[in-house]
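Student: So the chains spell out like this:
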Amino acid sequence: MIEGAAWRKWVYFYIPLTIFVFLLLFPFYWMIVTTVRPDGELYRPWNAPNYTPFWTANPTLEHIQYLLEETLFSTWMLNTMIIALASTAISLVCGVFAGYALARLNFPFAGSLGTGIFITYLVPQTLLFIPLSDIVRNFRLGDTPWALILTYPTFLIPFCTWLMMGYFKAIPKELEECARIDGASRFKAMVYIILPIAVPGILSAGIFAFTLSWNEFIYALVFLSSPEQKTVPVGVTSELIRGDVFFWGPLMAGALLGSIPVALVYSFFVEHYVAGLTGSVKG
Amino acid sequence: MAQVVIRSLNKRFDEVHAVKDVNLEIRDKEFMVFVGPSGCGKTTTLRMIAGLESITSGQILIGDRVVNDLPPMDRDIAMVFQNYALYPHMSVYDNMAFGLKMRKFDREEIRRRVQEAADILGIRDYLHRKPRQLSGGQRQRVALGRAIVRHPQVFLFDEPLSNLDAKLRVQMRVELKKLHERLGTTAVYVTHDQVEAMTLGDRVVVMRDGVVQQVGEPLELYNNPVNRFVAGFLGSPAMNFAPVRVVAANGGGLRIENDGLRLLVPPDQAGRVGRYAGRELTFGIRPEDLRIATDSDPPDLTFEAIVEVVERLGSETLLDIRVGSSAMVAAVEPSAPARVRDRLRLAVNPERMHFFDPETERTV
Amino acid sequence: MSVTTAALRTPEAASRSRVKGLLEDERWLAAALLFPTMLLLGLFIAYPFVKGVMLSLTSARVGEPGDWVGLANFAKIWDDPIFRRAVWNTFWYTGVTTVFKLALGLWLAVLLNRHFRGKAFVRAFILLPFIIPTVLSTFAWKWMFDPTFSVLNWTFYKLGLITGRINWLGDPDLAMVSVMVVNIWRGVPFYAISLLAGLQTISPELHEAAAIDGARPWQRFWHVTWPLLLPVTMVVVLFSVIQTFADFQLVYVLTGGGPANATHLFATYAYQIAIGTGLLSEGAAISLAMFPVLFLVVVVQLLYIRRVETR
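Chain order of the listed sequences is A, B and C.
Going by our numbering, the first residue of the first sequence is number 1, and it counts up by one from there.
Going by our numbering, the first residue of the second sequence is number 1, and it counts up by one from there.
Going by our numbering, the first residue of the third sequence is number 1, and it counts up by one from there.
Just so you know, these hints were derived from the structure itself, not from any lab.
From the three backbone atoms N, C-alpha and C, an ideal C-beta is built for every residue, glycine too.
Certain hints may be false.
[Claimed, not checked] In silico lysine-lysine, BS3-like type, Cα no more than 30 Å apart, as pairs:
1) A/LYS173 <-> B/LYS177
2) A/LYS169 <-> B/LYS167
3) A/LYS9 <-> C/LYS20
4) B/LYS167 <-> A/LYS188
5) C/LYS51 <-> C/LYS76
6) B/LYS178 <-> A/LYS169
7) A/LYS188 <-> C/LYS51
8) A/LYS188 <-> A/LYS169
9) B/LYS177 <-> A/LYS169
10) B/LYS20 <-> B/LYS101
11) A/LYS188 <-> B/LYS130
12) A/LYS188 <-> B/LYS177
13) B/LYS130 <-> B/LYS178
14) B/LYS101 <-> B/LYS167
15) B/LYS178 <-> B/LYS167
16) C/LYS119 <-> B/LYS104
17) B/LYS178 <-> A/LYS188
[What the hints assert, rightly or not] Beta-carbon label-pair distances, calculated as ranges:
18) C/ALA75 <-> A/ARG140: 33 to 43 Å
19) B/ASP14 <-> C/VAL50: 34 to 44 Å
20) B/ARG129 <-> A/SER225: 21 to 31 Å
21) A/GLY40 <-> C/GLN219: 44 to 54 Å
22) B/LEU168 <-> A/VAL199: 24 to 34 Å
23) A/GLY111 <-> C/GLN243: 49 to 59 Å
24) C/GLU26 <-> A/GLY166: 17 to 27 Å
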């Protein structure tokens, strides 16, 4: 609600919004430009007279080619995809079940269990990665995808549970009561009646969990050691840097390509993602 | 088809004793209505019959099986909910077929039964639609259809008409009645609307605070309520009550009087009322048992009243009147020449006077 | 179900129906539904927590269990100047970035709460910094911060703001500022979108009523919007504080804790000690040192949620 002259609208609205959008998106533009910039141009100091930061006259795909042919990047992509999908699937099943139990069933200690799960939701990965690395080694999961497939759910399940609880609570109780009278067991009423209605919630939780798994860094960094087991964030970090030398072209190409799966998933399900995000902070 | 027997049924939620020692026999093919204000325990009782609420103590039998520990799916009942509880992700057809699928009926039989129910209820054209594409009345029919395809032993209804607008409610009420006559399935119906209770029920159970007040046929409850609560709950507009004192009349017999009333107690009631001679009593008279007095009315069956509001409904005229310090309502003929602030003489129907103990509220 | 048919059933069928019967009981069904969650959370949250505490009381290194040393590790890190610097950094980092993220996020949310063409599009795009894997976008920043090839230096130079080169990540103070900038950049969209969701629940009629009552735009924001937005804001801030306090990736990628250990946070220092030098026990002690603060934040959050719910 801005009254008055057009210039006010510009000053109070269009200009700040444009600046926000520009600053928030510029690093991605920079990533793209760097990816297609030939090395000769890339390593030209900023105070050189022919420094052209915002465009390149000779776009090239050499960095992408290098990334795909000379590094294990495609393996990392595959690893990340498998790990993200598997841990999301596990978390969804657990989260939907637990959310249903907490939202719908009466049982002893329901309240304290709910609080307990909420607290684990707030435990950051960096609090536990050191003892967990020991445990993962003891379970002989070290340097295998299972190390991540089984540990990622620890931060995904609480989130999924929390989100699903909210969804289940919004579904009228009578629906499953009716189903139970119609001849369904409690479990069947959940599977045939409640879950189909909760599909938007499940989708939101799934999208959000997928992006979180794709994003995870410290567990992957600590639990995996062989180059061919790594995920994209860790692979890019550790394998595209030799000592102090950064291969910026392939690095940016890796950052760009590594972002594409999440960006794609996100672009298809923006609304679900936003619902998951805002649902995650709703008490 | 089955009877439902309830024996010393109790339900406690943490601190609330919601249902207290209910005993009831619902006969085979009977349409039994539970009525009472909200929180009276009628819905809880229904939910215990359905198996949706655990039983604190007592027994429920459907047919001749004790069903206390049976899950809802094994009780062979069907229920219609206030909000219809239609499965939003299924078509009308699948909504109706769901219970049959769960019971592993074969496809052809399911189709036959759904078609049959759809024909009875006139919803054949909507079978492929989703519930959200239906109007309130259509949803109501689908909910009914879902109950009848199952051919259950007992129908349970939890205020099924209360989400409909007034006109549709009257229409559905008639259809429900017809449906019950056609199918003859035992039905238990919960409502807070006494008109529904009176019109639908073969018998009516009036509950208050978890306790059954009275069970009986509608007119029996209407004419011979056991206490002031039942008398006041059934009937619209509600029965008028006034505190009175019982005194001996001049020519023998008894009179009741207060600051506005002076009425002769009919001889056939005098015996029971006599025990209250010299004491307080609550006098009850239904609005339709009052009329504008004529010269031929005996004066000790009439009283004077001041008209405060006149509501002309067309079929009758309601007068809100003041009698001494009591407010009353009289339902008189439509053309009654009454105006606000008029002083009128009204006559009571001596056969329909009610008397209640002011402490126990029981009918004298 | 009559007695005779039950008797004719095979033992497996009978036990299957007994399981079915149990699952009709709310308590058993709840136990079954919660079991996988409890198993995973117990195995990979509760157990590591206990193990972390045990570890921090020993002298364990990678590959050797070590001996019981009591609180020696905590005494050691208490005297460690780098640890003290990391503690200070973490609080400073969390405090500064949270203020900026809240202010900028709120501003952006208010801007986005208007109707304009392409709103859905803009909203979708500005969330990108939050959803793109942090490590990958942080590399783009690291490249922008590069002292020799920095586009930032070029821009500021062209704008006449600087005269020589700036070594963004090489100078201890500037390095901290740089890390904070990236954290704010990444966090603003999260604040903005969450707060926008909160703003959208505030009925426009309230603003209209306040406007009719004579409130100016700033007064309307301060007396109507802000109090109604406060519950959402609280939750968003608490979530973000926990994440920021325990942050690892930004510092790991941008500075690795340097230069000269000037930008270490709890997590990066714990990583360096435990994984870098193999002192598991001391690393565990460092990351556990975060626990009291996190615990406090969680308690505040739980109390706040309870208060809002009971209101």
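Student: If any of the earlier hints don't hold here, list their numbers in rising order.
Tutor: 2, 3, 4, 6, 7, 9, 10, 12, 14, 16, 17, 20, 21 and 23
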